[in-house]
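Asker: Chain order of the listed sequences is A and B. Our numbering puts the first residue of the first sequence at 1, with every later residue one more than the last. Our numbering puts the first residue of the second sequence at 1, with every later residue one more than the last.
Where hints are given, some of them may not hold.
Unchecked claim - Cut-off 27 Å, straight-line C-alpha distance, at most; resulting in silico cross-link-like pairs (DSSO-like, lysine-lysine):
| no. | chain 1 | residue 1 | chain 2 | residue 2 |
| --- | --- | --- | --- | --- |
| 1 | A | 20 | B | 56 |
| 2 | B | 98 | B | 42 |
| 3 | A | 14 | B | 103 |
Stated by the list, open to error - Facing chain B, a subset of chain A residues (Cβ under 8 Å, in silico):
| no. | residue |
| --- | --- |
| 4 | 39 |
| 5 | 42 |
| 6 | 44 |
| 7 | 80 |
| 8 | 104 |
| 9 | 105 |
| 10 | 109 |
Think of the hints as simulated: they come from the structure by calculation, not from any bench. Ideal Cβ positions, reconstructed from N, Cα and C, are used throughout, including at glycine.
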Amino acid sequence: GAVVSQHPSWVICKSGTSVKIECRSLDFQATTMFWYRQFPKQSLMLMATSNEGSKATYEQGVEKDKFLINHASLTLSTLTVTSAHPEDSSFYICSARRDRPSTEQFFGPGTRLTVL
Amino acid sequence: QKEVEQDPGPLSVPEGAIVSLNCTYSNSAFQYFMWYRQYSRKGPELLMYTYSSGNKEDGRFTAQVDKSSKYISLFIRDSQPSDSATYLCAMSEGGSEKLVFGKGTKLTVNP
C-alpha cells in the first residue's frame, strides 16, 4: 500500500512551452500533497503544499504564476510549469500525505524535466 | 547555519559492515524525524519514522533520536550491495507537515 505515481517520468520541451506533471495516490486518499524540486547532488526543496479543494501554499521564492498547482481530488494533484526556461530543468518530485491511519508522506518516483 | 546538516559523503563500505549515518539540526521545534532511501533517478522511499527520543528498530535498520543533542542517526547492520543509495534525513515540527531535508549521504556497499 501507500503508492504514489507520477506522470510523465521524463519530459523534454522547448523553451517557452508549458508542461503538466501529474501526481496520484493510487491506494489511499491524500488531502495534502507536496511538490519538491531536486537539482543534481542537492537535497529536496519544498516548492509548495497542495490542499484538495483550496489554493496551494507556495514557499518563499517560488513563483506561483509560473508553477501552477491544482489539487482537484483526494488522489490527484497537478503541477504545471508555465513558459518553461532551461533553468527550470530539474527533477520534480511529489509526495502525498496519507490521511489515515498515520500521517507519513509517501513520494512519487519523480519527473525529470529538461527544457531546451 | 542550515536547519539540517548531513554529511554528503560519499561513504563506501564492504558488504556486511555496520553503517552509521547522521544528521544534526538546529531547530528545537522539530518533533518528527524520518529517514528516506533514494536510488538514482527515483523518488525517496520512507525507511523509518520516529517522533520521540530513543531507538526504533526495523529489521536491519535502527533509527536513533537524541533531542537534547539535536542529533539523529540511522544504523544499517549487515549491509548489502542493494543498500547502495543516497540516504536522506528529514524532519518536521509538531503539527506541521513541511519536511526539511538534509542533503543526503551517498552510500556504496561493495560486494
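Asker: Which of the stated hints cannot be reconciled with the structure, identified by number in ascending sequence?
Answerer: Of the numbered hints, 1, 3, 4, 7 do not hold.
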